[in-house]
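Model the full structure from these sequences, guided by the hints.
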Amino acid sequence: MAATTPRATTAHTTSARTRAGREERAGWLFVTPATLGIGLFVLLPMALSLVFGLTDADGFGNLSFTGLDNYARALSDPLFWTSLRTTVLYVVVFVPGVYVLALVMALLVNGKLPARAFFRTAFFAPYAVSLVVVGLVWKYILADSTGILVQALGWIGVDSPPSFLGDPNWALWCVSFISIWFFVGFYMVILLGGLQEIPGEILEAARIDGAGPWRVLWSVILPMLKPITFFVLVLASIAGLAGLQAFDLIYVMTQGGPANSTSMGVFYVYQQAFKFNNVGYASAMATLYALALLAMTGVAFRITRGGRFDHDR
Amino acid sequence: MTTTADTAPVRVTGRPSAVRARPATRTWDAGTWVRLVLACLLAFVQLFPLLWMLSSAFKSAEDTRDAALIPEHPTFDNVVQVFTRIPYATYLWNSLLTSVLVTVLLVFFGSMAAYALARLRFRGRAALFGVVFSTLMVAMPVILVPLFMVVARLGLVNTYAGLILPVAFTAFPIFLMRQFYLRFPRELEEAADLDGCGHLRRFLLVVLPLSKTMLAALGVTTFLSTWNSFLWPLTVAKDSDLWVVQVGMSQFQNQYGGDWSLIMAASLIAAVPTLLLFLLLQRQIVESVQASGLKG
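From first to last, the protein sequence lines are chains A and B.
With the first letter of the first sequence counted as 1, position 121 gets the number 121 in the UniProt record's numbering; the numbers rise by one all the way through.
With the first letter of the second sequence counted as 1, position 77 gets the number 77 in the UniProt record's numbering; the numbers rise by one all the way through.
Hints may be right or wrong, so weigh each one.
Claimed, not checked - Restraint-style ranges between C-beta atoms, simulated for each label pair:
| no. | chain 1 | residue 1 | chain 2 | residue 2 | range |
| --- | --- | --- | --- | --- | --- |
| 1 | B | 80 | A | 258 | 56 to 62 Å |
| 2 | B | 130 | A | 19 | 22 to 28 Å |
| 3 | A | 117 | B | 153 | 28 to 34 Å |
| 4 | A | 153 | B | 153 | 49 to 55 Å |
| 5 | A | 116 | B | 257 | 40 to 46 Å |
| 6 | B | 153 | A | 158 | 53 to 59 Å |
| 7 | B | 150 | A | 69 | 22 to 28 Å |
| 8 | B | 80 | A | 116 | 36 to 42 Å |
| 9 | B | 182 | A | 299 | 54 to 60 Å |
| 10 | B | 126 | A | 222 | 32 to 38 Å |
Hints were generated in silico from the structure; no laboratory data involved.
The beta carbon of each residue, even a glycine, is placed where N, CA and C say it ideally should be.
Pasting the structure below:
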């Protein structure tokens, strides 16, 4: 924080006092628009989510207090457990997958490689397209019998390929893979920033000592990347749990199917609220996810001492 | 597996203390080749779907199942069809209007609050920042239902204000710009002080112009993410006159299910603005992404 300047306690002259008063007023004036907006459109909904979760609100204004019924309902709703399982599976595949691939890309682009600028752009490019477009393009690529992937598999002798989006055993893998494909460039750029901060002399010294690239990676680069690795893993886990990438893809590609195999938490909440008008129940489930997110953010905040990711913990 | 192949030759041939040819075009050792092949493979995976969209958008209906990357009978008809069969121009306009206004509001009021939180002393500042920070990770899907209720109560469903205002105030730009203003050289502001500027004038006339680069980076990424967003516009605008391009496209898919060249043409039109922006302003985008990660 700005602890470098002493607080204005020494201000005993009138002019200094009015100046402090002006600064006080200006401070509040400056933060008011953003604070009002966040209060109305983020904090109020968060609070309402708690309240609605304790009612049987149906979205048409009917509402009566039902206590913890919605939470009990969630615990005995097999579809809630399915959606929770799907979410966790997705996070478990997405987070390590996107990190490893992003690291490989960042190392490639940061090292001795011809046409580096081209490759950096190519790796990052999917991130510039919307997830709706991404979902549609991949749906076309993965389409049964006519899709280009099925055709390509035919060329190399795979005659009975799976129905990628129609088979419950495959659909979630596809959604996870597409999320990684979409997001990897974003994380590559973050990791690249970390790699570029490693002083060249350290790497050079390691090489002079006879360390091969593999050894340099394990003993020098990865340890120095630890804070940024931590940041990437936290960010990716939170994004994955909140279904940031997943909702649009699922909406466009599978609608939660087949057999609810891609019905992730946020999608199930959306369906309950806007398809079946169970606003109360949806709010209760959303609250559970919000609590999980808040807990994760809180832990990350504590470990990093207030969002500082640049120190080794 | 690639890395082991990579290791050996470098260790044998690389004489580190010798002159390191930086452009390295002359001495392509085996390691460089391995890296190049791997990079090409990854680039292919990343780019193929986009190229496939581009190619399919110009294929005639009978060639949709064709595996050729270059259309055999290239046609512009799909693009024309997209604009004539549905009000795609309206969707594009709605997207443009929404994205520009959200970007302006978010960047302006966000940096204003960030400046106060970083530089002005006022009571409750630390507490306020704590509250703002705690909403940093609250994602749209999690508060969607009650947010819709709030917006409905305000009478903003099916309005432009409903599309714009609820997403125009978030913690992220405040967090990002605050980091920036904490390291902003104080002397620059003090010059304005001598001229007797008030805080607002100082912010508008001195601070904002000096944060141009950072604001540009933030603006570009905000524009991209607003243009590409789907969930909120889908929820708040039921009236098709207010559909943004992402929503229009997803409904278009339901209507013209198997007609892939049409759908790819619609996708291409929606993706072109962001892809162009990305290619032109890549540096700003990279800067903004890295600023969010590095330097706490």
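Okay, the hints, checked on the actual structure:
1. Between residue 80 (chain B) and residue 258 (chain A) the C-beta distance comes to about 35 Å, which lies outside the given range of 56 to 62 Å.
2. About 26 Å separates the C-beta atoms of residue 130 (chain B) and residue 19 (chain A), a value consistent with the hinted range of 22 to 28 Å.
3. Taking 28 to 34 Å as the suggested C-beta distance range, the pair residue 117 (chain A) and residue 153 (chain B) does not conform, at roughly 50 Å.
4. Range check, residue 153 (chain A) to residue 153 (chain B): about 52 Å between beta-carbon atoms, so the 49 to 55 Å window is met.
5. For residue 116 (chain A) paired with residue 257 (chain B), a C-beta distance near 42 Å keeps the hint of 40 to 46 Å intact.
6. For the pair residue 153 (chain B) and residue 158 (chain A), the supplied restraint of 53 to 59 Å holds, since their beta-carbon distance comes to about 55 Å.
7. Evaluation of the 22 to 28 Å hint for residue 150 (chain B) and residue 69 (chain A) yields a pass: the beta carbon distance comes to about 24 Å.
8. For the pair residue 80 (chain B) and residue 116 (chain A), the supplied restraint of 36 to 42 Å holds, since their beta-carbon distance comes to about 39 Å.
9. The hinted range of 54 to 60 Å is not satisfied by residue 182 (chain B) and residue 299 (chain A), whose Cβ atoms lie roughly 24 Å apart.
10. Restraint check, residue 126 (chain B) to residue 222 (chain A): a C-beta distance of roughly 36 Å satisfies the suggested window 32 to 38 Å.
In summary, the structure is inconsistent with hints 1, 3 and 9 from the numbered list given earlier, while agreeing with the others.
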